[in-house]
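2 protein chains.
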Amino acid sequence: MCSYLDGTVNLYMRPEEGVTVAVDLDEMRIVGFVDRVTVPVPKPNGTDYSGLQKRVGPALKRIGLVQPDGPSFAVDGHMIRWANWEFHLSFDVRAGPIISLSLIYDAEQQEFRQVMYRGFISELFVPYMDLTEEWYYRTFFDAGEYGFGLYAVQLEPLRDCPENAAFMDAYIAGQDRKPIKMSNVFRVFERYAGDIRWHHTELGIPGKVIREVRPEVNLVVRMVSTVGNYDYIVDWEFKQSGSIKATVGLTGLLEVRGSNYTHNDQIADEEYGVLLAENTLSAPHDHFLIFHLDLDIDSDSNSFVKFVFRQTPVTDRRSPRKSYWSVVSETAKTKSDTKIKLGSEQVELLVVNPGKKTKVGNRVGYRLIPGSITQPLLSDDDYAQIRRAFTKYNVWVTPYNTSEKWAGGLYTDQSNGEDTLATWTQRAMENKDIVLWYTLGFPHAPYQEDFPLMLTLSSGFELRPANFFESNPVLRVIPPGVVEWPNCSIPSVI
Amino acid sequence: MCSYLDGTVNLYMRPEEGVTVAVDLDEMRIVGFVDRVTVPVPKPNGTDYSGLQKRVGPALKRIGLVQPDGPSFAVDGHMIRWANWEFHLSFDVRAGPIISLSLIYDAEQQEFRQVMYRGFISELFVPYMDLTEEWYYRTFFDAGEYGFGLYAVQLEPLRDCPENAAFMDAYIAGQDRKPIKMSNVFRVFERYAGDIRWHHTELGIPGKVIREVRPEVNLVVRMVSTVGNYDYIVDWEFKQSGSIKATVGLTGLLEVRGSNYTHNDQIADEEYGVLLAENTLSAPHDHFLIFHLDLDIDSDSNSFVKFVFRQTPVTDRRSPRKSYWSVVSETAKTKSDTKIKLGSEQVELLVVNPGKKTKVGNRVGYRLIPGSITQPLLSDDDYAQIRRAFTKYNVWVTPYNTSEKWAGGLYTDQSNGEDTLATWTQRAMENKDIVLWYTLGFPHAPYQEDFPLMLTLSSGFELRPANFFESNPVLRVIPPGVVEWPNCSIPSVI
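Chains A and B, in that order, give the protein sequences. Just so you know, we're using the numbering used here here: the first sequence kicks off at 238 and counts up by one. Just so you know, we're using the numbering used here here: the second sequence kicks off at 238 and counts up by one.
Honestly, the hints are just simulated from the structure, not real lab data. Treat the hints with care, since some could be wrong.
Claimed, not checked - Simulated pairs of lysine-lysine, DSS-like, Cα-Cα distance not exceeding 25 Å:
hint, chain 1, residue 1, chain 2, residue 2
1, A, K594, B, K445
2, A, K578, B, K543
3, B, K445, A, K418
4, A, K445, B, K280
5, B, K572, B, K543
6, B, K559, B, K578
7, B, K576, A, K578
The task is simple: from the sequences and hints, build the whole structure.
Written as structure tokens, this is what we have:
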């Protein structure tokens, strides 16, 4: 595919539509050439995003996060310790960050307890909804075909992170088998956004007002990967409460197609894509990210449980109410219990340790709070969909199998779908080492605001303790001190 | 209802179950007394959340947000100006914060443009799933019955907000008709969490690496309201990109019921609630918040549009693909088009100005990106559900009517449901002044970690420009400067 760079550094905005060149990379020779259509190259106006362009508007005043006593975490090789957490952070050329061996210190039981054996992004799938010759095959697997880690960008201190970040390098094998150092691919930092961890004001006690509030400060591991035009920001966030949150932000350049159209009124029949600027169409597409989440709650003998919120009609006049809902627990036993489509019923999904209970007899566990819930919109017999059948359910559960890591197949670009998550045998899985798979989906119908560069759109999920602790684990935790900046003042009220 | 305070300040954790006292408030005299059941009062152990309790664990180091040059916003009476935004913030004893007259400056058109005429929380609904005599009627309307503004708490500088906050007072009418001042009910501050507004690294141009990144800095208006045991944190957040985001955080104390049970094994039949500690049951419940969102996109002549993402099978061999999806636009015309249940199909919901188009012919608009999507779990004939029938759809659209503000009825505690949103006539509404209603739902099945005090659980929605601007509106905006703290250092790597 060819792009024209005149008037912009944004090569994705000026495609030479319909021009395809076949190159023999061994011989470095052009072996074929097709010029299929003649449409204008989109105009460069307003597409250059580089900092050299003229800037407009008043600047916001300086703002920053400071920790005058330094950060509260320690990095020891690949082990990271912060507050009540410790975990291992490693880099994979395919998956990017891998969080493993995560343990949380339980202040009541006075011991470290297992939470997540391993968590990572197993695959990304980005199919475009344009069936023209140069586009129909654009159904990218960004991990398996490109390498989500391979395209990690070098993060810069004080540019895209608060000052209190630590950086970590990674090494990959070069094509000549020599190690290549990738600098600053991870940053680790404490996140404070002015959010409130918990709050209560009690006015109900005569003669007293009790007001308690604690700030939310968390630990974040960040990687940014640029796979072609799109940039993905991946944050793994750890909370003192025991939650692990993963957030993915999508930003970067749109892919667009050159076109004769300069106005919607000229489009009579259906066209693949939306007109974003003169001669510039952009096709709808999806971003699916599937996470491999191997929780080990207090051991690797776990079960997958669905809490169904079920309405019960009341007909026996025991109450003026006619209904209520309660929680019905269903433990996954058969294959069909382990493929979950969310949205139709109100459920909570848990991984529990059936061998361990709290003092009052609840099974200890963690629950998955999903973010965006997306259904695939391709037909089952579409080759693209056959290869990414893992998108068909929002959540899957499999027994742990060391060879079952890559939801889109081990050699993704050669896979016909037969070695993907959707085909893996679902064996008995009560009280076993199980893996949870969650697909985070972003269907993307472009708007003009995404042109030429899309602002970060984020979603993710949370793994939250669910009867894992006997009670609120951070009720008595000492909060961080307050930083007072010497010369600050509150704004004048006119 | 009675509570026992011995051993804790947490009066919600020690209910005297089954004891009901009827009091004549004019005569200040007890006129009735029922002691229906005899169950133990839950133990006080671990339920005191006050700061006087012994604290545990190592403290995190000091962390803070600083703006050495002061904040970038200005407060002029009730008008707030920040970056490209201006809006009016007022206080309502029932709704809490009301955002109105919001305008955004369009740097390309060099004019202020209308976005939201008025946005506020119209009602909160919190029904408990316990049908015993003292509980079945607990189906609270926190705005209409209590006053979400009335229970706003006084926010304290540097305690529950970053240093750069401005505070605003409110006045309400006392029962003697004299004004009562409520201090510091709102705080306004700039939010910086180390997030990335946009990023792109370009590796595709031979001999060059272009890397651009901009930090995300937004303006937030916050109010915290404590209605009995629960505390709600309401954030209205404004972005330079044109987005308005509302986030509600739920925190505070659980309501619990005394019980004879000390272990789950003793519970033979179904019981209302989950055992969280010895003698302490807690019933599932919902939190529904319905937002009144009166968008006026460039005027008050607007239409409601649904973008449906529709799969199209491909059978004509024009492509090796067998399917794709495209966006089908449906403008609401009939009553049934204005009640939306989300979850079953992939849609985007927009308010557009049919009289105004972008240069290439897209209708200017804003879209609603919903957060949690919840269906009610009470039967339609339940009196509680009749009164809160507005929860039956996730989104409603009504033509603007000055008397239709309160989704749960004007005099909520006397309403039988006949004056609520679900009954309002849906008249013609193309190219009219329309109001969008969105219900944010939190079904809450308690876990032991919520005992005695629940950590903040947040959700919300975003109103995002959708072909409102000709292109990305912040591409060339000057980013805020970097704050370098003099004595900072990155953590030592061991």
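Hint by hint, here is what the structure shows:
1. K594(A) - K445(B): violated (58 Å)
2. K578(A) - K543(B): Given pair K578(A), K543(B) holds - Cα atoms ~23 Å apart, limit 25 Å.
3. K445(B) - K418(A): holds (19 Å)
4. K445(A) - K280(B): holds (22 Å)
5. K572(B) - K543(B): Since the Cα atoms of K572(B) and K543(B) sit roughly 14 Å apart, the hinted pair holds (cutoff 25 Å).
6. K559(B) - K578(B): violated (29 Å)
7. K576(B) - K578(A): holds (24 Å)
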